[in-house]
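**Student:** Quick note on my numbering: the sequence shown kicks off at 18 and runs consecutively.
Simulated from the structure, these hints should not be mistaken for laboratory data. Backbone N, C-alpha and C define an ideal beta-carbon position, used for all residues, glycine too. The hints are all genuine.
Under the rule of at most 20 Å between Cα atoms (straight-line distance), these lysine to any residue pairs were calculated in the SDA-like manner:
id: 1; residue 1: K39; residue 2: Y82
id: 2; residue 1: K81; residue 2: L40
id: 3; residue 1: K81; residue 2: T46
id: 4; residue 1: K39; residue 2: L20
id: 5; residue 1: K39; residue 2: E98
id: 6; residue 1: K81; residue 2: L41
id: 7; residue 1: K39; residue 2: E94
Per label pair, the in silico range of CB-to-CB distance:
id: 8; residue 1: S34; residue 2: V106; range: 37 to 47 Å
id: 9; residue 1: P107; residue 2: T87; range: 31 to 41 Å
id: 10; residue 1: K72; residue 2: S30; range: 30 to 40 Å
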Amino acid sequence: MTLRGSCTNCGASSPLSSQGWKLLYENETEVRNLSRNNSVVSSVLGWTSISLVLKDRVLEEDTKYIVQLTGKRGSQESIAEYRLTTTSVPKLGNC
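Between the sequences and the hints, there should be enough to build the whole structure, so can you do that?
**Tutor:** See below:
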């Protein structure tokens, strides 16, 4: 899964001091650290966009998640959230 965030009012004169992604369960407990082992985060401080790529098997089936992107500039902080629900693989059964 790939997500991309962008800062619409950032530039050389007003860059962000930090930004980052979090992956949470629906109850807002953190799933795991988004390290290089399970994700790829592409960004540079002073960013205008930041991307997150979750690798295979990071998300569990039949689970509700919240993906958060946080950006900070001085004492200001902004958080964007994306909520998603995974499905399960097809199972054998009768029609």
